[in-house]
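Asker: Read top to bottom, the protein sequences are chains A and B.
Per my numbering, residue 1 is the first one in the first sequence, and the count goes up by one each step.
Per my numbering, residue 1007 is the first one in the second sequence, and the count goes up by one each step.
Treat the hints with caution; some may be incorrect.
[To be verified] No more than 27 Å apart at the CA atoms, straight line, and that leaves these computed lysine-lysine pairs for DSS-like:
1) A:K918 with A:K888
2) A:K898 with A:K912
3) A:K485 with A:K645
4) A:K681 with B:K1072
5) B:K1072 with A:K918
6) A:K863 with A:K847
[Claimed, not checked] Chain B regions said to be covered by chain A (calculated; three or more residues, Cβ under 8 Å):
7) 1007-1013
8) 1034-1047
9) 1055-1067
10) 1070-1078
If you're looking for bench data, these hints aren't it; they were derived computationally from the structure.
Idealized CB from N, CA, C, for every residue including glycine.
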Amino acid sequence: MTQRNRLDTGGRIDRGTPLGFKFNGQHYQGFAGDTLASALLANGVDVIGRSFKYSRPRGIVAASAEEPNAVFQLGATEATQVPNVRATQQELFDGLVSQPTSGWPGLKIDFMGVVGSLLGRMLPPGFYYKTFMFPQAAWDTYEKYIRKAAGLGRSPRKPDVDTYDHLNHHTDVLIVGAGPTGLSAALSAARAGARVILADEQAEMGGSLLDCTDKLDDKPAAEWVRGTLQELAGYDNVLLLPRATVNGYHDHNFLTIHERRTDHCADHAPTNLSRQRLHRVRARWVVLATGAHERPLVYGHNDLPGCMLASAVSTYINRYAVVPGRKLVLMTTNDNAYRTAFDWQDAGREVVAIVDTRAYATGAWQAEAERRGLKILKGMAVIEARGRQRVTGAVVAGLTSDGNRVTGDRQILNCDTLASSGGWSPVVHLSCHTGSRPVWDDDAIGFLPGKTVQQQLVAGAVNGRYSLSDCLTDGASIGAEAATKAGFPAKPATVPFVRTRPEIGAMALFCVPHPKPNSRAPKQFVDFQTDVTAAAIELATREGFESIEHIKRYTAMGFGTDQGKLGNINGMAVAAKSLNQTIPETGTTIFRPNYTPVTFGAIAGRHCNDLFDPIRYSAMHEWHVRNGARFEDVGQWKRPWYFPKADETMQQALNRECLATRESVGILDASTLGKIDIQGKDAREFLGRIYTNAWAKLPVGKCRYGLMCKEDGMVFDDGVTSCMGENHFVMTTTTGGAAGVLEWLELYHQTEWPELDVYMNTVTDHWATMTLAGPNARKLLAELTDDIDLDRDRFRFMDWRQGTVAGVPARVFRISFTGELSYEINVQANYGLHVWETLFDHGAKYKLTPYGTETMHILRAEKGFIIAGQDTDGSVHPYDLGMSWAVKEDKPFSFIGKRGMKREDCVRANRKQLVGIKTKDPSVVLPEGAQAVDNPDHPLPVPMLGHITSSYYSACLGRSIALGVIKGGHNRMGDTVHYPLADGRIVEAEICNTIFLDPEGERQNV
Amino acid sequence: MFYLFCPYCGEHREEEEFHPRGQAHLSRPEDPDGCTDEEWGDFIYFRTNPRGLHHEIWVHAVGCRKFFNVTRDTQSYEILETYRMGSAPRITDLNDKQQSREVQA
Ligand SMILES: [Zn+2]
Chain A
1 MTQRNRLDTG
11 GRIDRGTPLG
21 FKFNGQHYQG
31 FAGDTLASAL
41 LANGVDVIGR
51 SFKYSRPRGI
61 VAASAEEPNA
71 VFQLGATEAT
81 QVPNVRATQQ
91 ELFDGLVSQP
101 TSGWPGLKID
111 FMGVVGSLLG
121 RMLPPGFYYK
131 TFMFPQAAWD
141 TYEKYIRKAA
151 GLGRSPRKPD
161 VDTYDHLNHH
171 TDVLIVGAGP
181 TGLSAALSAA
191 RAGARVILAD
201 EQAEMGGSLL
211 DCTDKLDDKP
221 AAEWVRGTLQ
231 ELAGYDNVLL
241 LPRATVNGYH
251 DHNFLTIHER
261 RTDHCADHAP
271 TNLSRQRLHR
281 VRARWVVLAT
291 GAHERPLVYG
301 HNDLPGCMLA
311 SAVSTYINRY
321 AVVPGRKLVL
331 MTTNDNAYRT
341 AFDWQDAGRE
351 VVAIVDTRAY
361 ATGAWQAEAE
371 RRGLKILKGM
381 AVIEARGRQR
391 VTGAVVAGLT
401 SDGNRVTGDR
411 QILNCDTLAS
421 SGGWSPVVHL
431 SCHTGSRPVW
441 DDDAIGFLPG
451 KTVQQQLVAG
461 AVNGRYSLSD
471 CLTDGASIGA
481 EAATKAGFPA
491 KPATVPFVRT
501 RPEIGAMALF
511 CVPHPKPNSR
521 APKQFVDFQT
531 DVTAAAIELA
541 TREGFESIEH
551 IKRYTAMGFG
561 TDQGKLGNIN
571 GMAVAAKSLN
581 QTIPETGTTI
591 FRPNYTPVTF
601 GAIAGRHCND
611 LFDPIRYSAM
621 HEWHVRNGAR
631 FEDVGQWKRP
641 WYFPKADETM
651 QQALNRECLA
661 TRESVGILDA
671 STLGKIDIQG
681 KDAREFLGRI
691 YTNAWAKLPV
701 GKCRYGLMCK
711 EDGMVFDDGV
721 TSCMGENHFV
731 MTTTTGGAAG
741 VLEWLELYHQ
751 TEWPELDVYM
761 NTVTDHWATM
771 TLAGPNARKL
781 LAELTDDIDL
791 DRDRFRFMDW
801 RQGTVAGVPA
811 RVFRISFTGE
821 LSYEINVQAN
831 YGLHVWETLF
841 DHGAKYKLTP
851 YGTETMHILR
861 AEKGFIIAGQ
871 DTDGSVHPYD
881 LGMSWAVKED
891 KPFSFIGKRG
901 MKREDCVRAN
911 RKQLVGIKTK
921 DPSVVLPEGA
931 QAVDNPDHPL
941 PVPMLGHITS
951 SYYSACLGRS
961 IALGVIKGGH
971 NRMGDTVHYP
981 LADGRIVEAE
991 ICNTIFLDPE
1001 GERQNV
Chain B
1007 MFYLFCPYCG
1017 EHREEEEFHP
1027 RGQAHLSRPE
1037 DPDGCTDEEW
1047 GDFIYFRTNP
1057 RGLHHEIWVH
1067 AVGCRKFFNV
1077 TRDTQSYEIL
1087 ETYRMGSAPR
1097 ITDLNDKQQS
1107 REVQA
């Protein structure tokens, strides 16, 4: 393949560095400095995809972020697949592999051409709107075909081989865009000493100056760019970020920048480099120098390959030395686009005609065109393009001066390239991200950034100042203003003199009229990516959609990955005309982040795999791993779930752990329970207010169980709190609830009762906690301590003692969550593993058995002990749980939850109440969540009584046990209820007391 | 992503360090047991949801753990002031925005 459209000289490409690449299975060659788009054009590749709805051939239209058609799938391997890459923004590298994302089953095999008209009928405007009104099943059927045909790209099926980084910055001035405006703004701000970040989406900074033929101070524009960048690079206070798109403008001047750091190097990043970076920037002031996108004109068959933006044609010629055709017809509403005809002619190709929609176009640019011998057709327009796979001609006709009608005879101009310019659309996207609406400006013939609460300034073309010299001066003064506002008094940088021709006024024309009404004219495309035509927008207004937001949703205009950068304004103009309104009356849709698609890799950064979420380990974790524990995630904690031996199933392991504990002694790592140290002379009073039970008389050395409710009276956490000293308590909470409880305590202390002298802090990580449980617990512990008197009558149930265990200081609590004789040993976390191992050194003779959270759950359920968050769900108060013993109504202070649990709904009969559930068949273990009904034969809907909250097989009892809520359950002991299951079985069960084992509580008193 | 000034730390910090705890300046009734169900229901469930000026509680959760008040424009997301628990807002009307900018500067 030869680069038949490549010029022999000129451009910013390196002809000495040829690069091979693949597109759609074919091999091509380009040069260093090319984009994928410029390389494809150099090779004369006209058709790069087929359109979404009508399957029409499409070519490259633009040279920058606004490109709607050349959106490709990149990647040489499965792991390096990247969807949604705009070929105009992808730098070429050797070995690049790309695929069109549209055009199933192939660009050349015109399968969709056959069914395209069928699909076109299947997908009328309003298709999505109407489809979503259909039953879901219908959508499922279309969806997979539409997706495949529409070419939305696909994600890789293998893990990404690259790494991505996040960087955080604070800066005084962030300048978005390094074109003439941004560069001069950066000079002003940098010279004043402000910290400046200058970000630009392209590989090379300079923007339009890189393809500009105007002279700055009578020298090539690129020379000024080079000098300016050299100066900026020399400042320590300036960070230049090329290949970095500012994609999101968020609240309080927080902006996100997507830097494609090594996407230009190879299929994946070089060793030890990240592929992309997400810069998170908090800027004092932001200067938007985002420029403007040229707006194409809408006319019949304007989507044929060969129809391009005028400025894009100039960019390809001047920057990439690629002339994308032989014979050019240029249609324009303004003087600026005349440059394209001159560039084309200077490249040695034929300019067939300049079709100027303005009859009044007589000025310096027209004089220059005439001097060059170019034909200008004034007051005329291209009403349709001719051709099948590429433009072969342009149908030209006269235009009334208001641009509303076609007049006179038609003529056909032979050409293969049809460039158009309808003026400029300021790139207002970022200015809209925080909710500001852009405002229409008649002089700029475009929307300009609206008022904002952000510390944001706008400069240059985005603010409607399109001429190069305005951009330079505006940039310099706005850059100085931003620096000054940020606290660095600055003067505008001196800007170079631009030698150019004066321009005469542009014409506001968007959609070129056709002799036929738009509904019967050749298709006039407004949005290429979603295949929305002018006729479709008119249809939407006829069907009664008047708001532009509704028209957008009805037609899907602007819904593509390009967010309608090219087509939105034209679409609004078509809608406005159809509604007999002005464009500002019609309004604009709002742009949202991100400006261009961002990869998931960049968003995730390093927050994946092991670094996805912090993991918390107890001090004994290593031992658990060595001893074959299976782990369970509880919040961020890894907790041993159970400790299987060799061939044991989970249930076999649980049975063994349960029996060993009840028969001799077991041990649980309970370090993850939340622990809050509470001190102060009002600590006791504070506890009385936040717990439902009494704390006024708890003596030093004693422990007490407490329930915590919210103001609505519903239980949200529980645990044992111990009195360490008259003004000192240690509270325990559930593992998952620890942080929430501490914040809850602080909330009440800081906002409601700041007068209470109380202080609290988390001590969860300070202590390692091990629970010895079982009839031999005392004997084992006695071997490890000689200063704690373990006598059953002197160290009683719900007492705690300070002493030494295994030679280290310890707090030992005689509390029990299993119903067995039980000691909870707390030592400094660093001693945890030592004490644990010492217990095992001595424990062999008692068959000391480690157990995990699952056995803990079974043992406590046998005793009817609740787990807050499992047996409660925010709708259960202490009385529902049958725990009236834990509520002390006559405390002087109206504790949290007291008033709530007295509300009418909380005291009614028939509330769901916690009960025990025994299946009639003892071998059946009900699934948690199963719903109880009285009569399974009841016609639908069957009244539901409540659900199972906890359910296990109990080896100690030789049967299944469950806890659950049942309406009015406390008064239904012995009743039979039924649990219909998802698999069709109906399980019969009996309502019983929640305490299945040792109802008298004798076991803990041994 | 908000940028919040913690009145206890005396610094602007990123939103990730904070979280909101709802409407500010709501007091727990002095005598809960004397409240009717309706009064108690109002206290625990009913909150204002204004478009515009709003006083709300935030907590510097992974900083100093202090709760403080924020006056925020719920439409523009501007933070007009932050102030300590127990003190009154300076800004009670969106027309005072200008004043807030001066306060913050
Ligand atoms: Zn703070």
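Asker: Now tell me if each hint is right for this structure.
Answerer: The hints, checked one at a time:
1. A:K918 with A:K888: 31 Å, violated
2. A:K898 with A:K912: 19 Å, holds
3. A:K485 with A:K645: Judged against 27 Å, a Cα distance of about 70 Å means the pair is violated.
4. A:K681 with B:K1072: 21 Å, holds
5. B:K1072 with A:K918: Cα-Cα ~48 Å, so violated.
6. A:K863 with A:K847: 23 Å, holds
7. 1007-1013: Our answer is that it holds, as 3 residues pass the Cβ test (under 8 Å) against chain A, meeting three.
8. 1034-1047: holds (count 8)
9. 1055-1067: holds (count 3)
10. 1070-1078: holds (count 3)
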